[in-house]
Structure formats: C-alpha cells, structure tokens
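Engineer: Sequence:
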Amino acid sequence: MSDPAPRKDTRGIVDPAELLSRVRFRRHTPAPELRPYLEHYWLIDWELPEPYASHVVPHPSMNIVFQRYGALGAPAADARASAEVSGIGLGLFTQKLTEAGRVCGIQFRPGGFRPFAPAWPVSAWTGRRVPLAEVFPDAGTGTGAGTGAGAGAGTGADAGAGAGADADAAEAGHPATDPGLLSAVLSPDTDHARVAALDAFLLAHGPAPDPDADRAMELVDLVRGDRTIRKVAQLVAASGLSARSLQRLFARHVGVGPKWVILRYRIHEALERAEAADPAGGPDWAALAVELGYSDQAHLVREFTATIGVPPTAYARGVSVP
0 MSDPAPRKDT RGIVDPAELL SRVRFRRHTP APELRPYLEH YWLIDWELPE PYASHVVPHP
60 SMNIVFQRYG ALGAPAADAR ASAEVSGIGL GLFTQKLTEA GRVCGIQFRP GGFRPFAPAW
120 PVSAWTGRRV PLAEVFPDAG TGTGAGTGAG AGAGTGADAG AGAGADADAA EAGHPATDPG
180 LLSAVLSPDT DHARVAALDA FLLAHGPAPD PDADRAMELV DLVRGDRTIR KVAQLVAASG
240 LSARSLQRLF ARHVGVGPKW VILRYRIHEA LERAEAADPA GGPDWAALAV ELGYSDQAHL
300 VREFTATIGV PPTAYARGVS VP
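Just so we're aligned: 153 in numbering that gives the first Met the number 0 is position 154 of the sequence shown, and the numbers increase by one with no gaps anywhere.
Calculated from the structure, these hints are not laboratory results.
Note that the Cβ used here is the ideal one computed from N, Cα and C, for glycine as well.
Treat each hint with caution, since some may be false.
Derived DMTMM-like pairs (lysine to aspartate or glutamate); straight-line CA-CA distance at most 20 angstroms [claimed, not checked]:
hint : residue 1 : residue 2
1    : K230      : E268
2    : K230      : E290
3    : K258      : E217
4    : K95       : E49
5    : K95       : E217
6    : K95       : D44
7    : K258      : E268
8    : K95       : E17
9    : K258      : D220
10   : K230      : E302
11   : K95       : E46
12   : K230      : D295
13   : K230      : D220
14   : K258      : D209
What follows is a list of derived Cβ distance ranges for each label pair [what the hints assert, rightly or not]:
hint : residue 1 : residue 2 : range
15   : A70       : A285      : 42 to 52 angstroms
16   : L91       : V289      : 17 to 27 angstroms
17   : G90       : R226      : 22 to 32 angstroms
18   : R226      : V55       : 17 to 27 angstroms
19   : R25       : F92       : 18 to 28 angstroms
20   : T312      : D8        : 16 to 26 angstroms
21   : E46       : A275      : 28 to 38 angstroms
Work the whole structure out from these sequences, hints included.
Structural biologist: Rendered as structure tokens:
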C-alpha cells in the first residue's frame with residue numbers, strides 16, 4: 000500500500016500562485032508512527048534574482064523550522080543555518096526571501112505538538128519563535144543528539160552546517176542547535192534524505208500518548224471540516240465539555256482558544272474563495288458572509304482586511320492567476 004499523500008491545498012498562503020512561481024515548494028508525509036500528530040513536512044528551496052516577501056495567514060498549528068541561507072550548492076559550513084520552534088502566529092506572517100536558501104519545516108496537527116514536548120502548555124509558545132534547543136535541550140550544541148539523528152537517517156551530511164547561526168545564538172544568549180542536526184536536515188540534496196532526518200529527530204522525542212491531545216485534535220478537525228460550527232457554544236455542545244474545560248483543553252494542547260480557531264478557519268475559507276473568484280465579478284460577498292457565519296458583509300470585510308491588509312474585493316482583483 001502506498002503512503003497517503005499530504006494535502007495539496009494552498010489554504011492560508013496569500014497569493015499562492017505568485018509564491019509557487021518563485022520557489023520550489025513541496026510537502027511530504029512523515030513516518031507512519033508520526034502521522035497521527037503531523038499534518039506534513041514542507042520543504043522550500045529558492046534562488047531569487049531579487050528579494051521577495053511571502054505572506055501566510057497561519058494555521059492553528061505549531062511548526063518546527065530548519066532553515067539555511069546561502070548558495071544551495073555551497074559547502075554546508077558556508078551556509079547560515081538555524082532551527083526554531085514556531086508557535087501559532089496570531090497575525091499575518093511575512094517572510095522576506097533573498098538570494099538563495101532552503102527551509103525544511105514540520106507542521107503539526109493542531110493539538111499534535113504537546114505529545115513531543117509535554118512539559119509546557121502549547122499556549123506558552125503562541126506568538127513566539129524560539130530556538131529549537133530551548134524546547135528540546137538535547138538538540139543543542141554538544142549533546143550529540145542531532146548527530147545521532149543524522150546518523151540514523153543515513154545522510155552522511157557535513158556536520159559544519161549552521162556554524163554562523165550557532166555563533167549568533169551564543170552571542171545572543173540563546174541555546175544553539177547542534178550543527179550535526181542542522182546538517183542532517185538541511186544539507187542533503189534529496190528530499191528523501193531530509194525527510195528521513197526529520198523523522199529520526201521526531202521519533203527520538205516521542206510522541207508520548209496523551210488522550211487529551213487526541214481529543215483536542217479531534218475537536219479542531221471538527222471545526223475545520225464542519226462549517227456549521229460557527230460559535231464556541233456549538234463546539235461546546237458537540238464536545239460534551241463545559242465551556243471552561245474546552246478553553247483549558249485548547250490552551251494546553253492547541254495554543255489558542257476555540258473562538259480563535261473558528262475565526263481563523265473562516266478567514267482561510269474567505270481567502271480561498273477570493274483567490275478562486277472571477278476578478279471581474281468576484282463571489283457574492285454578502286452570501287459568503289452568511290455562509291461563514293459573519294453577522295453581515297461588513298463584518299467579513301472588516302475581519303478580512305484586518306488580517307490580510309486589503310479588503311477581499313481588492314485582494315480578488317490583485318491575486319495572481321495560476
């Protein structure tokens with residue numbers, strides 16, 4: 000039986016056609032033991048003649064991000080590399096891409112991160128990006144954990160990657176990531192080897208069974224898949240939990256409250272509809288507002304504009320056509 004394919008939608012990416020015309024973007028499925036907790040791995044490589052700013056409306060998901068900057072064919076020791084845990088972004092996330100670089104990311108399912116880092120509630124990372132070794136100390140410099148992950152993946156990668164980033168982290172007083180781990184993930188030329196290194200890293204850190212995490216993932220999936228759930232009270236009724244218990248569950252395991260999750264998925268839906276709209280006419284915004292649970296069209300326009308930076312009609316006119 001073949002491995003299940005990762006999802007192919009571009010939901011949350013602002014003007015995805017423009018991004019995909021500038022970078023090489025792909026997703027991969029993790030090892031079977033990790034699939035209950037992860038959405039996918041996401042890999043990006045770029046070589047740009049001029050800077051480009053990408054924009055994403057974040058999902059209610061935690062990410063681990065390995066990144067290196069510098070010519071893709073250059074020796075690993077010449078690249079600036081780092082790794083971080085990226086909490087749920089509360090606003091529009093903008094990343095400026097320059098020259099050449101590579102990113103290997105792990106997107107967790109909403110609720111799927113804490114089984115790998117059970118010492119903290121996921122809300123501790125919301126709106127924050129912290130060095131990987133701050134959350135996973137054995138991924139830090141000199142522990143050997145990163146090198147072990149690379150060896151397990153069989154990459155044979157140069158252990159010199161990330162020396163510049165390690166120095167920067169040390170100067171800033173932050174724990175630096177083991178260069179061996181950075182190299183194992185970021186240096187291989189093949190996606191297969193990079194994915195194997197990501198699998199090895201995560202499998203070395205759990206996951207620890209957690210029924211509450213399973214419940215949180217189930218409830219977020221319900222919100223994502225059932226567009227009739229537009230209010231927290233409806234999710235409370237569907238969950239069988241009290242409103243307070245639901246809030247606590249989401250704070251510990253998702254990182255944001257259920258209302259935020261509902262609102263974020265509505266914005267993703269509106270963004271996707273705007274991208275698919277005929278620029279000359281666009282969707283029926285008033286009808287879409289009702290469908291998504293907004294009080295009226297003005298409510299939809301306010302939330303869309305506050306999140307994306309432009310009204311939905313302007314976005315629909317300006318989005319790149321695939």
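Engineer: Work down the list of hints and note, for each, if the structure agrees.
Structural biologist: The hints, checked one at a time:
| no. | hint | verdict |
| --- | --- | --- |
| 1 | K230 to E268 | holds (16 angstroms) |
| 2 | K230 to E290 | holds (13 angstroms) |
| 3 | K258 to E217 | holds (16 angstroms) |
| 4 | K95 to E49 | holds (11 angstroms) |
| 5 | K95 to E217 | violated (34 angstroms) |
| 6 | K95 to D44 | holds (13 angstroms) |
| 7 | K258 to E268 | holds (16 angstroms) |
| 8 | K95 to E17 | holds (14 angstroms) |
| 9 | K258 to D220 | holds (14 angstroms) |
| 10 | K230 to E302 | holds (16 angstroms) |
| 11 | K95 to E46 | holds (13 angstroms) |
| 12 | K230 to D295 | holds (15 angstroms) |
| 13 | K230 to D220 | holds (15 angstroms) |
| 14 | K258 to D209 | violated (23 angstroms) |
| 15 | A70 to A285: 42 to 52 angstroms | holds (51 angstroms) |
| 16 | L91 to V289: 17 to 27 angstroms | holds (25 angstroms) |
| 17 | G90 to R226: 22 to 32 angstroms | holds (24 angstroms) |
| 18 | R226 to V55: 17 to 27 angstroms | holds (22 angstroms) |
| 19 | R25 to F92: 18 to 28 angstroms | holds (20 angstroms) |
| 20 | T312 to D8: 16 to 26 angstroms | holds (23 angstroms) |
| 21 | E46 to A275: 28 to 38 angstroms | holds (30 angstroms) |
The structure does not agree with the numbered hints 5 and 14 stated previously, though it agrees with the rest.
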